[in-house]
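Here is how the chains run, residue by residue.
Protein chains: 2
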Amino acid sequence: MKKVGVAILGLGVVGGGTYKILTEHRDKYIKTHGVDITVESVLELRKDRALALGVEESRIASNISEICSNPEVDIVIEVMGGVEPAKSYVLAALNAGKSVVTSNKELYCKYGYELEQAAKHNHVGLFFEATCVGGVPVIRALLDNLQGNKITSIIGIINGTTNYILTKMTDDGKSYAEVLKEAQSLGYAEADPTSDVEGYDAAYKLSILSSICFNKKIPFADIYREGITNISEDDIAYGKKLGYVIKLLAIGKDAEKGVEVRVHPSFVRATHPLASVSDSYNAVYITGDCVEDVMLYGRGAGALPTGSAIVGDVIYCATHTQHRYSTFPNTEKAASSTKFITNFESAYYLRLLAADRAGELSKVTSVLGRYGISVAKVVQDIDEKNRNGEVNLILVTHSTKESNVKKAVAAIGKDISDTRVVSVIRVLV
Amino acid sequence: MKKVGVAILGLGVVGGGTYKILTEHRDKYIKTHGVDITVESVLELRKDRALALGVEESRIASNISEICSNPEVDIVIEVMGGVEPAKSYVLAALNAGKSVVTSNKELYCKYGYELEQAAKHNHVGLFFEATCVGGVPVIRALLDNLQGNKITSIIGIINGTTNYILTKMTDDGKSYAEVLKEAQSLGYAEADPTSDVEGYDAAYKLSILSSICFNKKIPFADIYREGITNISEDDIAYGKKLGYVIKLLAIGKDAEKGVEVRVHPSFVRATHPLASVSDSYNAVYITGDCVEDVMLYGRGAGALPTGSAIVGDVIYCATHTQHRYSTFPNTEKAASSTKFITNFESAYYLRLLAADRAGELSKVTSVLGRYGISVAKVVQDIDEKNRNGEVNLILVTHSTKESNVKKAVAAIGKDISDTRVVSVIRVLV
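Going down the list, the protein sequences come from chains A and B.
With this note's numbering applied, the first sequence covers 1 to 429.
With this note's numbering applied, the second sequence covers 430 to 858.
Among these hints, one or two may not hold up.
Claimed, not checked - Derived lysine-lysine pairs resembling DSS-like cross-links, with alpha carbons at most 30 Å apart:
| # | chain 1 | residue 1 | chain 2 | residue 2 |
| --- | --- | --- | --- | --- |
| 1 | B | Lys-516 | B | Lys-476 |
| 2 | B | Lys-762 | A | Lys-28 |
| 3 | B | Lys-762 | B | Lys-792 |
| 4 | B | Lys-768 | A | Lys-28 |
| 5 | A | Lys-28 | B | Lys-549 |
| 6 | A | Lys-339 | B | Lys-516 |
| 7 | A | Lys-150 | A | Lys-120 |
| 8 | B | Lys-516 | B | Lys-549 |
Read the hints as simulated data drawn from the structure, not as lab findings.
Using the sequences and the accompanying hints, generate a full structural model.
Quick look at the structure:
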């Protein structure tokens, strides 16, 4: 019987879930995989957490060195989150000849190149399936199933908190602020929700996923990022009338003319498979030149779903001797040959507040036309006036360049008195 | 540069697609995986097919021995379909020390245990991702991502032809016979469609998938199988009114009391993620004790999607030295400890033709009650009579045992004059 010892760094939500899975399924893995995986050590400052999970006191380490020098530990699971001290601990483990399994998206996104270098140097494994989309098997699918494809696009709903908030806003017609407060009280959003609601978390994951998809380094710094804090319940309701659902999308595209990587709210047609991904469910929609469209869907977060991904990596690591590293030069920055497109093309939803006067629509479309923007859908209801006597004018454009829309929005504000653009939301085409 | 030679047995739709992917992406794989994969040989009786694809005449083998004795061939891709001669050829290749990648679900389902034995004996790889659900990365997800879970259920739409037919019947209100004919003329259904429409193809795949899911051998012979040939456009229309969509489902469940494996048409709630899997798209919906629900969706067939799965296996095989075999005793038959449940529980949709008389509904529900069956939904419209003056009476039951429904249906025919059950369709709960 092969014996493999693991250490867990951090016994928070995911660390606790991982501990439970490993201990409760120990006999199963002996039977199915012929390997006895035991938790030899944990590192957790809050000793009570460890004891509450049933960890023997003798297995609670007081510092990372104890774990690195413990010959019973073969694999170190890092589930602390954040860059430091996680980074120093992971490097120490790798340099001590331990393989590492991590769920830390920020760390892997920002310093994956450095961690991988250390793993290569020490001939150990570095596994990171759990960094992206919880229990959904996306990273290994890209590495070991779809690797024969030229992947042209990946579109993901890859942050559970924002998807929960947007779903609630849609279903209950409540404001962002109201739903955020509810989500915080339920533990679905952090006290400081910035990383989720401003799109940082999604951008970390998009950096990791698109680097694998496109076989080139896509650093976090090159990803356009816009959060959901300005989305209003009114726009969600108007979008619904037009057959759209709002989602925070992470979009990566790789084409002849360059790479496009962006995280922002977007309207999605209600018939698109991504439209029905609700609440804290996540999904990635991948297009390859051979496989066509593939969608992988499931729980993007949570103790046991993320623990499932971690334990999948642990069992793989425990039963395989060969290590595998990136299929692209994994450097800090993008290769100089990688061209990023920032003035990307999209369809746009524009909501304007206009004076209730004949000819306003014509003025607006004329300004849009000046910038080469043509209109696909219009909704105007003069019976729905706000307290200032203004009416909502909703336009959805055909696909156009971002820069044209910015110029047109500025020109409308300047050239048309009493009419202004209040919302600009991209629409997935 | 590592050089790896492959041979392709069969240049039909999938073989041709695989050849194209490998030759057109050769430079890409050199760059991303540091391996030069070349098609060294093909076995195809119709020489014109090979020549039309651009295969050099010198690389067209005239028999399997030529391939087995060719030292340039490391991996044999079997995409012939059917049991013989595919089985003999695969065994010959394995015994000649070649790794094998196959898309042959019937062969792998029926003789996987024998092929694996030969692979183990010869220390070579046996890869079969392409046997199930085309380009959708399901097998490796089960083996290398979800393997830490106790999988409790897998529900799949895993046959493209039947899903295409049922979708067309639903969208166009046409009969099975009519849509089948159309599908045949478009090449979406075979001239002899038995394997697809009677559920054999789905059952082969369910045997392979559920064996992996449940870590025990689930032979084809133990799978309950029922095709779609008796599904009528009327039932589809009535189901729609009740909020259901019809699908040919492959269902595997593993619980304390035993294993349940069955392929049959089933109504699915329109809000279930599987309901929106239309046309020739396929999906598997997997539930594990840690990961919760995961759905994997994409093209379940076709030259390039299936080729994508094959090439994924080829690249994996070409870049990994360690072979991996089943995580259960892979024998011909099920283990004697495996208990199969044949009298399974389900909700049921029943359509009856009843005399337009007061009290008929009450008689029917009274018979159902006698067998412990309670009714969840009823639809009856006395204004919709058929030419015999009969009315349709639609009942949906709560979850009950299959045997109770069979007895109740027989009793209704015997005990209630002028009223008979015309359709019985299971409903996914």
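Outcome of the hint check:
no.: 1; hint: B:Lys-516 to B:Lys-476; result: 22 Å, holds
no.: 2; hint: B:Lys-762 to A:Lys-28; result: 22 Å, holds
no.: 3; hint: B:Lys-762 to B:Lys-792; result: 46 Å, violated
no.: 4; hint: B:Lys-768 to A:Lys-28; result: 19 Å, holds
no.: 5; hint: A:Lys-28 to B:Lys-549; result: 23 Å, holds
no.: 6; hint: A:Lys-339 to B:Lys-516; result: 49 Å, violated
no.: 7; hint: A:Lys-150 to A:Lys-120; result: 26 Å, holds
no.: 8; hint: B:Lys-516 to B:Lys-549; result: 16 Å, holds
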